[in-house]
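Enquirer: Line order of the protein sequences matches chains A and B. Residue numbering for the first sequence follows the working numbering, beginning at 1 and increasing consecutively. Residue numbering for the second sequence follows the working numbering, beginning at 1 and increasing consecutively.
These aren't lab readings, by the way, just hints derived from the structure by calculation. Please note that the accuracy of each hint is not assured.
Since copy identity is lost for identical chains, a pair holds within one copy or between any two.
Claimed, not checked - Here are the simulated lysine-lysine pairs, DSBU-like style, with alpha carbons at most 30 Å apart: (1) Lys36 <-> Lys59; (2) Lys63 <-> Lys126; (3) Lys123 <-> Lys18; (4) Lys90 <-> Lys5; (5) Lys63 <-> Lys97; (6) Lys103 <-> Lys33; (7) Lys90 <-> Lys63; (8) Lys100 <-> Lys126; (9) Lys123 <-> Lys103; (10) Lys126 <-> Lys103; (11) Lys63 <-> Lys5; (12) Lys90 <-> Lys103; (13) Lys33 <-> Lys9; (14) Lys100 <-> Lys123; (15) Lys18 <-> Lys53; (16) Lys103 <-> Lys63; (17) Lys100 <-> Lys63; (18) Lys53 <-> Lys103; (19) Lys53 <-> Lys97.
Number of protein chains: 2
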Amino acid sequence: MLTRKTKQKEFVIENLKKRFDHPTALQIYNDAKDQKIGIGEVSIYRILNNLVKEGAVCKIVTKDNVAHYDFVRGNHIHLVCNNCNQIFDKEFGSDEKLSKIIKDFHISIQDIVLYGCCNDCAKTLKKTDK
Amino acid sequence: MLTRKTKQKEFVIENLKKRFDHPTALQIYNDAKDQKIGIGEVSIYRILNNLVKEGAVCKIVTKDNVAHYDFVRGNHIHLVCNNCNQIFDKEFGSDEKLSKIIKDFHISIQDIVLYGCCNDCAKTLKKTDK
DNA sequence: CTCTTAATGAAAATGATTTTCAATAAGAAA
DNA sequence: TTTCTTATTGAAAATCATTTTCATTAAGAG
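Take the sequences, apply the hints, and build the full model.
Expert: This is the structure we're talking about:
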């Protein structure tokens, strides 16, 4: 299935590339409106979802249940404050122990949830891969 | 503010204590219905939220945006499969490196989000503590 | 220039969770 | 035990970010 270049897609990508504040879909939409670029809110959501699926953009959901987006640049993980809902970039050190991060960011062990892919699904998905 | 003992609260706690499958609010609600215990769905949500606030229960949200709950027992973290939405308990080793977990559960660095409390909020909250 | 269909956008739908508020009941006080 | 306060419950309605629908628009291949 071919992919077409559209001003809407271009705008979302450029907007994300130039900022580092993990904006929401609404913030990107408002930027587009301010700049008199015609994009509907729905399209922002659709474009963001596609970018996330492609792996070009990552999605961070804060505890107030709002999705934030970040252009994937390098090796950092995201720390989210449950109180102020701010998102912090944290450099990923491959030698870093989980216990160190837990201590530094006041994380409760019971609150740690990591999203990935279980072995069974990994096997199945590998087969399905073209 | 005093806390009252109710059959609704008791049921939710007992239900969570005896099971290890990270149920949703709806699953707990259905169990109550099956056992002819009168509890409204809303109350399940309210009770669960309170238990989470108290730290007795933890909440795990899968990628299909549904909250699951787990009675806090010991030191384990949760791994969630983005494909089948299954939740796995993983023993927490204080010496374990993040990179090891990442490899074992097919986690992308860009997808790692840890929820805790930033230093500024930690300070403020400490003051507010009674 | 044409034509196919990918992409858009407005409105409506979704769906888990939260809010509202009147009714109920826990448990302290009399 | 009875009374009384108010914590708790529950049904219905509201919320709200996000998704779906489907008719319209426009990329870009031929």
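Enquirer: Any of the earlier hints contradicted here, and which numbers?
Expert: 3, 4, 6
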